[in-house]
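Spelled out, the chains give:
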Amino acid sequence: MTLSHFSAVLLFSLFASVVFGITQRAEPKKMVRFAALCFAWFVVGSVAASWVMWLIKP
Amino acid sequence: MSAAAGGKTGNGDVAASGASPLMVLLAGWLVPGAGHALLGKWVRAMLLMASIVGMFAIGIALQGKVYTPNTGEPLDMLGFAGDLGSGLLYFLARLLGWGQAPVLVAVADYGTKFVVVAGLLNIVAAVDAHSLASGRKQS
Chain A
641 MTLSHFSAVL
651 LFSLFASVVF
661 GITQRAEPKK
671 MVRFAALCFA
681 WFVVGSVAAS
691 WVMWLIKP
Chain B
32 MSAAAGGKTG
42 NGDVAASGAS
52 PLMVLLAGWL
62 VPGAGHALLG
72 KWVRAMLLMA
82 SIVGMFAIGI
92 ALQGKVYTPN
102 TGEPLDMLGF
112 AGDLGSGLLY
122 FLARLLGWGQ
132 APVLVAVADY
142 GTKFVVVAGL
152 LNIVAAVDAH
162 SLASGRKQS
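Protein chains in written order, with the working numbering: chain A, 641 to 698; chain B, 32 to 170.
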C-alpha cells in the first residue's frame with residue numbers, strides 16, 4: 641500500500657479527530673463539532689508546518 | 032467489583048449494563064470500542080473501533096514497524112508502550128509477524144506512527160469508557 645504524504649495526513653487527522661470528538665465531549669452535537677474542529681486544525685497545522693519547513697530549508 | 036465500587040454511577044445506561052468500571056477498561060483496551068459497547072453505546076463503539084482498527088491496519092499496510100519489548104533503546108520502549116495500547120491487535124500483529132520488516136521508506140515510517148498512535152488513541156477510548164462506567168463522565 642502506498643499513500644501520498646497529504647492523504648496520510650488526511651487519514652491520520654480523520655481517525656484521531658473521531659476519537660477525540662467522542663472522548664472529549666459528552667453530547668453528540670458537541671462531539672461532531674469538536675471532531676470537525678480537530679480535523680480542521682490537524683490539516684491546517686500540517687500544511688502550515690510544511691510551509692514553515694519549506695521556508696527554513698537550507 | 033460493582034459499578035458503585037468504582038465511583039458514583041450517574042448514567043442510567045451504565046447502571047443497567049451491570050459492567051464494572053475495571054471490566055469496561057480492560058475490554059476497551061483489549062478490543063477497541065468494546066468498553067463503549069459494554070455500556071450500550073453502540074454508535075460510539077463502532078466509530079471508535081473503525082477509527083482505531085483502521086489506523087492500525089493502515090499502519091501495518093504501510094509496512095510500519097511493530098515494536099518489541101526489551102530492545103534496550105529508550106525510544107523503542109516508548110514505541111512498545113504505545114503499540115501495546117492496541118490490546119489484542121498488538122498481540123495479533125506479533126503472532127502473525129506483522130511489522131517486523133526493516134523500515135526503508137518514508138511512508139513506512141508514517142506507518143510506524145499510525146500503529147503507535149492507534150494504540151495511544153485506544154488507551155484514550157478505554158479510559159473514556161471507564162469514566163462513563165464510574166460516573167465521572169455523565170454521558
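Among the hints, a few may not be true.
To be verified - Quick list of in silico lysine-lysine cross-link-like pairs, DSSO-like style, CA-CA up to 27 Å: (1) A:LYS670 <-> B:LYS168; (2) A:LYS669 <-> B:LYS168; (3) B:LYS144 <-> A:LYS697.
Hint data in this document are derived by calculation from the structure and do not stem from the laboratory.
Evaluation of the provided hints:
no.	hint	verdict
1	A:LYS670 <-> B:LYS168	14 Å, holds
2	A:LYS669 <-> B:LYS168	16 Å, holds
3	B:LYS144 <-> A:LYS697	24 Å, holds
Going through the hint list in order, the structure satisfies each hint without exception.
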